[in-house]
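*Asks:* Two chains, two separate frames, one set of hints: put the complex together.
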Amino acid sequence: MQRADDTLSRAKDGDQTAFADLVREHQAMVFSLSHYFSRDRATAEDLAQEVFIHLYQSLGSIESPAHLKFWLRRVTSHRCIDHARKEYKKRTVSVDDAPEPVAPVEFRDSLMTEALRRIVATLPEKPRLVVTLRYQEDLDPTEIAELLEMPLNTVKSHLRRSLAILREKVTRSLGEIRV
Amino acid sequence: MNRFDDELRQALSREEPSPDFTDRVMSRVAELQKREKQGEKMGWLRRLTEFFQPPQLKWMKWAPKMKWAMAGAMAVLLVIAGFGVHHRRENERRRLAEIAEGEHAKEQVMLAMRIASAKLNVAQRKVHGTAGREVESK
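Line by line, the protein sequences are chains X and B. Positions 0 to 178 (numbering that gives the first Met the number 0) are the ones given, in order, by the first sequence. Positions 0 to 137 (numbering that gives the first Met the number 0) are the ones given, in order, by the second sequence.
One chain only, chain B, in its complex shape (with noise of 0.2 Å):
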């Protein structure tokens, strides 16, 4: 042991806390039994209101700390959905352009049938009439 461990020892000697301290714990304990026992009293009430309340998932419990991520996923999830609707819409003006396409396509080879047809009737009719007139001659 030297002087400057001493001199320590004396620095670093006990001290008091103010005079009231052991009453302030006290109260303080006081407080916390009176919770503790309100505690016992509510408690039927809380498992009766327990009973009744719609189970909670446990995640609800860390929502207000996840805010942002909540936030975050809700965001991306509705850019998903934009694009979902998006892309259900192109599918629909296409379908529609191909009908539409379909359909053109459609008249006009009727028109060329009936054209085709119209030739035809004519040949027809020219084939008979050159008949007709050779059995008239013979």
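For reference, chain X alone in the conformation it holds in the complex (with noise of 0.2 Å):
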């Protein structure tokens, strides 16, 4: 934690190991919460890249640590959704529509990851957005709540809604497994 404050004290001094080490640190965070709502690597690390180069300009606001994760969260969510909005034109793709993974009967572990994350790709944006805030970051829907600037109960009922989709769709599209 001390080690932590230090480097971010040194960061917003100008100094720009320091500012790379928080990019190390933070990027795996920044990158995956990009990645799973995007569903494209080189879409995710353009929205990362921005995200740290808004963190640059604005280390001086900049208060914590944890004050840090939180602004990198948020800030992050809201790039993805200002993102998803721009693409939105583009195409739409809804829950009903997306094609089902196609899989054995028989269950595998990669296959199910991959069948979960190209579900929770084709979840609206809030509701994709809380999904991943949930289970990446393992947040509790208040903490959410708070990230995302969204009623408590907007949040459970997105989390509630969502995952009972994605269990529809895991069993629809795996079999009959134990979910």
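It should be emphasised that the hints constitute simulated quantities derived from the structure, not laboratory data. Note that the coordinates shown come from a computational prediction; the quantities given were computed from them, not determined experimentally. Ideal Cβ placement from N, Cα and C applies to all residues, glycine included. Incorrect hints may appear among the rest.
Unchecked claim - Straight-line Cα separation of at most 27 Å, DSSO-like style, residue types lysine-lysine; simulated pairs:
#	chain 1	residue 1	chain 2	residue 2
1	B	64	X	85
2	X	11	X	68
3	X	155	X	68
4	X	125	X	85
5	B	36	X	11
6	X	68	X	85
7	X	125	X	68
8	X	85	B	66
9	B	105	B	118
10	X	11	B	33
11	X	155	X	125
Claimed, not checked - Between beta-carbon pairs, the in silico distance windows are:
#	chain 1	residue 1	chain 2	residue 2	range
12	X	53	B	9	29 to 35 Å
13	X	152	B	73	53 to 59 Å
14	X	53	B	67	30 to 36 Å
15	B	9	X	63	26 to 32 Å
*Replies:* Below, the structure is given as structure tokens:
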């Protein structure tokens, strides 16, 4: 914690090595949030880069390592939603129209993982973000509500409905597996 | 926690971006710093240029975005100007026609007066002639 504090204050003082350390420390979180949201590595890397450039320009307003984490999650979420809105005009895939992964009846971990990722990617923007924050970042609904500036009940309802959709889709695509 | 939650957690576990990600971010940061420094250096020149530039109206910044609105406004202005010119010409034509009509009426009045005057002269001469003969006979 002391080390993280030190890195942050050095970065705020203009130390580029310290800023690079901050990027290295948080890049997996920022990139993964963007990746599970966009389902495209190149887009996710672009979004993540934008987030870190924004961080560099806003370093003065970051108060602590915990605030930094919160700030990165919030900015990444907003960037993802903005990006999705821009992309919306190009193509729209609804949960029901999305192709379902073809799978043998026999259950395999990698197949399940891939199927879940694909189905998560077909959820609408906000529920997708809520699910990603819940299961990638292990945040509870209260933290997600604060992060996305959304009522707690909305977050809970997004989670409940998304999980129901995910269960149904996974069961349909992978056959009778215990989910 | 059920198995499905674990599956989701595993499916959405963090991933690393490409190995050169940090380097790419840092090179963009360096580029940004360079631009900021250049901006600072050029600051005095920009201020000097701005000082000698004519004042720009705020709406001018929006001009490229509003080209269709501006074209529309220009078209409306042209129509109004055309209508104005046409109205002015029509008024002028009507005024000249009224003057010509007045002149014509004046000429007719003059002619009528000349005829009346001639008739009066004839009548006067006749009256004078009759009166002279009566005096001579007496």
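*Asks:* Each of the hints needs a verdict: does it hold here or not?
*Replies:* To see whether the hints hold, each was checked on the structure:
For a cut-off of 27 Å, the pair hint linking residue 64 of chain B to residue 85 of chain X stands: about 20 Å separates their Cα positions. The hinted pair formed by residue 11 of chain X and residue 68 of chain X meets the criterion: a straight-line CA distance of about 15 Å does not exceed 27 Å. Distance restraint check for residue 155 of chain X and residue 68 of chain X: the Cα-Cα separation of roughly 22 Å lies within the 27 Å cut-off, and the hinted pair is therefore satisfied. As the CA atoms of residue 125 of chain X and residue 85 of chain X are separated by approximately 15 Å, the hinted pair is consistent with the 27 Å bound.
For the proposed pair residue 36 of chain B and residue 11 of chain X, the alpha carbon gap of about 18 Å is at most 27 Å, so the pair holds. Under the criterion of a C-alpha separation no larger than 27 Å, the hint pairing residue 68 of chain X with residue 85 of chain X is consistent with the structure, at around 26 Å. A hinted pair counts as satisfied when its Cα atoms are at most 27 Å apart, and residue 125 of chain X with residue 68 of chain X qualifies at roughly 20 Å. Between residue 85 of chain X and residue 66 of chain B the CA atoms are separated by roughly 24 Å; this keeps the pair inside 27 Å, and the hint holds.
Restraint check for residue 105 of chain B and residue 118 of chain B: the C-alpha separation of about 20 Å stays at or below 27 Å, so the hint holds. Only pairs whose Cα atoms come within 27 Å are accepted, and residue 11 of chain X paired with residue 33 of chain B is accepted, the gap being roughly 18 Å. Restraint check for residue 155 of chain X and residue 125 of chain X: the C-alpha separation of about 12 Å stays at or below 27 Å, so the hint holds. At about 30 Å, the beta-carbon gap between residue 53 of chain X and residue 9 of chain B stays in the expected band of 29 to 35 Å.
A beta carbon spacing of about 54 Å between residue 152 of chain X and residue 73 of chain B agrees with the range 53 to 59 Å that was offered as a hint. The supplied range of 30 to 36 Å is met by residue 53 of chain X and residue 67 of chain B, whose beta-carbon atoms lie about 34 Å from each other. The given range of 26 to 32 Å is respected by residue 9 of chain B and residue 63 of chain X, whose C-beta atoms sit roughly 31 Å from each other.
When held up to the earlier numbered hints, the structure conflicts with none and fits them all.
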